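Student: Build out the structure end to end from the sequences listed, making use of the hints.
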Amino acid sequence: MIATTQFMRRELTPEIPEGLLSAFEAIPENPTASALRFAAWQAFANRGIPQTSDEEYSFTSISEIKNLLSRIPGNHSGNGFAVTNADRLEQFPLTSSSTPEAMVSAWKKIASEEKDVASALAMALTPQSIALRLKAGKKLETPFPIVCKAKGSRTDAAMYLQLDAGSTAKISLASEVVREDYLNASASFYLGEKAELDLAQIDPIAGSQTLKLHFVLERGAKLRLLTASTGGRFQRLAIEVDLMGSDAEVDLRGAAVVGGVNRCHRHVVVRHHVPDCISRQLFKAVVLGSGRSSVDGTVIVDRGAQRTDAKQLLRHLMLSKEGKADSKPRLFIHADDVKCGHGATVGKMDPEQLFYLRSRGLDPEAAISLLTHAFLAEALDASALTDFREAARLRLLAALEETP
Amino acid sequence: MTAILDINELKAGLNGVEILKGISLCIQPGEVHAIMGPNGSGKSTLSKVVAGHPDYTVASGEILFHGEILTDIPPDARARKGIFLGFQYPVEIPGVNNSEFLRMAYNARRKEKGLEELDPFDFQELLADKMKLLDMDARFKDRGVNEGFSGGEKKRNEILQMAVLEPSLAILDETDSGLDVDALKIVSKGINALRKPDNAVLLITHYQRLLDYVQPDYVHVLAHGKILKSGKKDLAREVETRGYDWVTG
Ligand SMILES: Nc1ncnc2c1ncn2[C@@H]1O[C@H](COP(=O)(O)OP(=O)(O)OP(=O)(O)O)[C@@H](O)[C@H]1O
Ligand SMILES: [Mg+2]
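Heads up: the protein sequence lines correspond to chains A and B, in order.
What the first sequence shows, in my numbering, is residues 5 to 408, in sequence order.
What the second sequence shows, in my numbering, is residues 20 to 268, in sequence order.
If you anchor each label on the Cβ, the simulated ranges turn out as follows:
id	chain 1	residue 1	chain 2	residue 2	range
1	A	E326	B	E28	39 to 45 Å
2	B	P93	A	D341	52 to 58 Å
3	A	V182	B	V110	40 to 46 Å
4	B	T76	A	A339	54 to 60 Å
5	A	V182	B	P93	39 to 45 Å
6	B	T267	A	T349	40 to 46 Å
7	A	V182	B	P113	35 to 41 Å
8	B	V200	A	E326	52 to 58 Å
9	B	P113	A	A339	31 to 37 Å
10	A	A339	B	H225	52 to 58 Å
11	A	S62	B	V110	31 to 37 Å
12	A	L398	B	R214	41 to 47 Å
Some chain A residues well away from chain B (every beta-carbon gap over 12 Å; in silico):
id	residue
13	N79
14	K142
15	E184
16	A395
Quick caveat, the hints were computed from the structure, so don't treat them as lab data.
Note that the structure is a prediction, hence the values are computed from the model and not measured.
Each residue gets a CB set at the ideal place from its N, CA and C atoms; glycine is no exception.
Tutor: This is how it looks when you write it as structure tokens:
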């Protein structure tokens, strides 16, 4: 291992800062984890830190990404992904040799093929990654919380969750980041045949975060995701879904209220590799103050993925002149028998609806809150994690009041 | 006695176009007035100006409500003071729960009167009573405001809101249009229930039909932004038989 990184030292370029390589080398070696981390490092090194704006970072500030990704990681113990009640799932620290070989190699494959630079770095630089598994047929009825802690200027964290065939789970994912800090995290989910996952994720209340959520769905698997955000200094969520088995279904919904000077960016890629899958994307964001929101969503239908049913709707509600919203819905269809639709809207609050509510005695704040609530409801209401969803709703509506 | 609504020489319009060209109208407590008039004459404009729609500007003249000049009062404050507008075309607001919204409106008005807010359970009871009065299915409570309501159902929902809010002035803009015979009777019952010595109603209508059930004290004919003729309830019948040309010349 050391020999290989020495080879890499000779390759150092501005795209691969020395500080990051040193941080990578400083993490203690361990046969299981190092193989994964090394694969991830190579995936990162193939591309390096982006220097100029490209498709993948449309609408986001490339200098901001560059600055964040070049930060030197700290080494706070207790950082990273953690589960509190692990006995309901099986948990394998990657420092242990008891981690099933198949899981490690599946994760390693994801790491080596990772094109998202931030995510590759998260997997390469994480001091302790966790791997979780839910056994075949097992059902987690009560929601299972996963929290990612990030203390210090920069934290890298990675996790992998495997849902074996026929298992079902409700999982919530939240991270704790403070003002100037930065969390770079990557979470991969494997849904075996007919496995079902209800995932609800909420961005941290402040600070900067780049988070990658990657999903692989086998035949008949179902994924429902709710992502909620009020933005932060810089927050970017990348979602990648690979539909690998037919009759799989994915429903992605995002709700955001981005005010103040907050940033919230979403980058979504759903790939239909096989026939007869369904995908839905519904992203709604309210922009106020000088907030900025962008949603960049892509659906790719591979050759042979016949009878694909893919829909995508990206909607922004603008409550201020200073705010900025961008959306880019894209479809790449390489099959001929498909049902695909997409749309994007950026609109203001309907003045007639507003007048109607006010004509019944609701003051402007209450009327705007009610209409915003209504706008977001469609995105929020579908999640089966009711408590988490209601907490997210409250936070989003509170963000509405914070910005005048 | 102070009039409930006192409009003096009101000129108003929107986007620089004058639509109301000098309207005067005085409504005393306990009275029901009806306004008739050809399409485009300014009836809805008048109702929206009184309710305080922000798109309309008052060029001159004034509107007094219980003796208070309304000009600078925003629409929500006017509503809390007791002005209710039943819209000619009620908007649909998907995602805003009908009964939730009505409870907020009801409590906003109670707060204005210095009363305590009604808790959700008591409000549900009150709402159920009013819905029974208007023969409305309980399912309408849980739908989005006017979402997917038929034309007649929307009008009935307006009357439900009026019945709950108990305004001191109700302006009903063509609430009778689009109602079937039975619904018209029910809606009329709702309007008559509001008819009390200290309330007033302004009905905007094209048809005598409604006025058979809700008998007006005065009828006005509005044309080209002006009230051209006023009279007692017989004027409505006369207009219906002789047409507006008879008034506008
Ligand atoms: N937003 C607007 N932009 C331009 N013109 C308008 C607007 N609203 C109303 N008007 C015009 O003002 C005039 C009066 O309209 P108003 O809706 O008050 O008529 P009305 O008497 O209610 O007619 P109806 O019997 O058809 O309901 C019409 O000529 C109409 O076209
Ligand atoms: Mg009209």
